[in-house]
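Turn these sequences into a full structure, and let the hints guide you.
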Amino acid sequence: MQKDNHLVGCCGISCFACGLYVKNKCEGCTKTQEAVDSLNKEGIGCSVLECAVKKEVDVCSRDCQDFPCDKFEGWPLSQEWLDMYKSRNK
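FYI, numbering that gives the first Met the number 0 numbers position 71 of the sequence shown as 70, with every residue one higher than the one before it.
Just so you know, these hints were derived from the structure itself, not from any lab. Any given hint could turn out to be false.
Mimicking DSS-like on lysine-lysine, the simulated pairs with C-alpha atoms at most 25 Å apart in a straight line are [to be verified]: (1) LYS22 x LYS40; (2) LYS70 x LYS53; (3) LYS40 x LYS53; (4) LYS85 x LYS70; (5) LYS54 x LYS22; (6) LYS40 x LYS70; (7) LYS85 x LYS53; (8) LYS70 x LYS89; (9) LYS30 x LYS40; (10) LYS30 x LYS54; (11) LYS40 x LYS85; (12) LYS54 x LYS70; (13) LYS22 x LYS53; (14) LYS89 x LYS30; (15) LYS54 x LYS40.
Computed beta-carbon distance windows for the label pairs [what the hints assert, rightly or not]: (16) ASP69 x SER13: 20 to 26 Å; (17) GLY42 x ASP69: 19 to 25 Å; (18) ASP82 x GLN32: 29 to 35 Å; (19) LYS89 x GLU26: 36 to 42 Å.
Note that CB positions come from ideal geometry on N, CA and C, so glycine has one too.
Following this line, the structure appears as structure tokens:
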């Protein structure tokens with residue numbers, strides 16, 4: 000199966016850069032309630048995905064007025080990157 004190298008999670012990280020996606024252990028960050036429920040069922044829920052689905056946001060850094068928020072602190076982006084984003088986005 001050919002992998003989609005343009006698939007980007009709501010967190011902004013390219014799924015193609017993720018080993019789990021490349022190794023077929025993850026289908027990619029499909030932004031649906033079904034995907035949220037599936038991850039929660041497996042015990043690996045993603046609060047970023049859950050919030051994006053709830054707010055109907057495609058990519059948080061581009062589409063969400065509240066970005067960066069506490070859901071990003073420490074993961075998947077570094078605090079330094081978040082601080083840089085906040086300072087440049089004033």
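Do the hints match the structure? See the list:
1. Using a Cα cut-off of 25 Å, the hinted pair LYS22 and LYS40 holds, with the two alpha carbons roughly 21 Å apart.
2. Distance check on the hinted pair: LYS70 and LYS53 sit about 14 Å apart at the alpha-carbon level, within 25 Å; holds.
3. The hinted pair formed by LYS40 and LYS53 meets the criterion: a straight-line CA distance of about 18 Å does not exceed 25 Å.
4. Pair hint LYS85 plus LYS70 holds up; C-alpha atoms about 15 Å apart against a cutoff of 25 Å.
5. For the given pair, LYS54 sits about 30 Å from LYS22 by alpha-carbon distance, which is inconsistent with the 25 Å threshold.
6. For the given pair, LYS40 sits about 20 Å from LYS70 by alpha-carbon distance, which is consistent with the 25 Å threshold.
7. Between LYS85 and LYS53, the direct Cα distance comes to roughly 23 Å. Compliance with the 25 Å bound is thereby established for this hinted pair.
8. Using a Cα cut-off of 25 Å, the hinted pair LYS70 and LYS89 holds, with the two alpha carbons roughly 20 Å apart.
9. Taken as a hint, the LYS30 and LYS40 pair is honoured in the structure, with Cα atoms around 16 Å apart against an allowance of 25 Å.
10. A threshold of 25 Å between alpha carbons decides the hint, and for LYS30 with LYS54 the separation of about 11 Å falls inside it, so the pair holds.
11. At most 25 Å may separate the alpha-carbon atoms for a hinted pair to count; LYS40 and LYS85 exceed this at roughly 34 Å.
12. Of the pairs offered as hints, the one joining LYS54 and LYS70 holds, with about 14 Å between alpha carbons and a cut-off of 25 Å not exceeded.
13. Between the alpha carbons of LYS22 and LYS53 the distance comes to roughly 28 Å, so the proposed pair goes past 25 Å and is violated.
14. Restraint check for LYS89 and LYS30: not satisfied, since their Cα atoms lie roughly 28 Å apart, outside the 25 Å limit.
15. A hinted pair counts as satisfied when its Cα atoms are at most 25 Å apart, and LYS54 with LYS40 qualifies at roughly 21 Å.
16. Look at ASP69 against SER13: about 23 Å separates their beta carbons, and that is inside 20 to 26 Å.
17. Range check, GLY42 to ASP69: about 22 Å between beta-carbon atoms, so the 19 to 25 Å window is met.
18. Distance hint for ASP82 and GLN32: a CB-CB separation of about 32 Å, consistent with the stated range 29 to 35 Å.
19. At about 37 Å, the CB distance of LYS89 to GLU26 agrees with the hint of 36 to 42 Å.
Checked against the numbered hints above, the structure breaks hints 5, 11, 13 and 14 and satisfies the rest.
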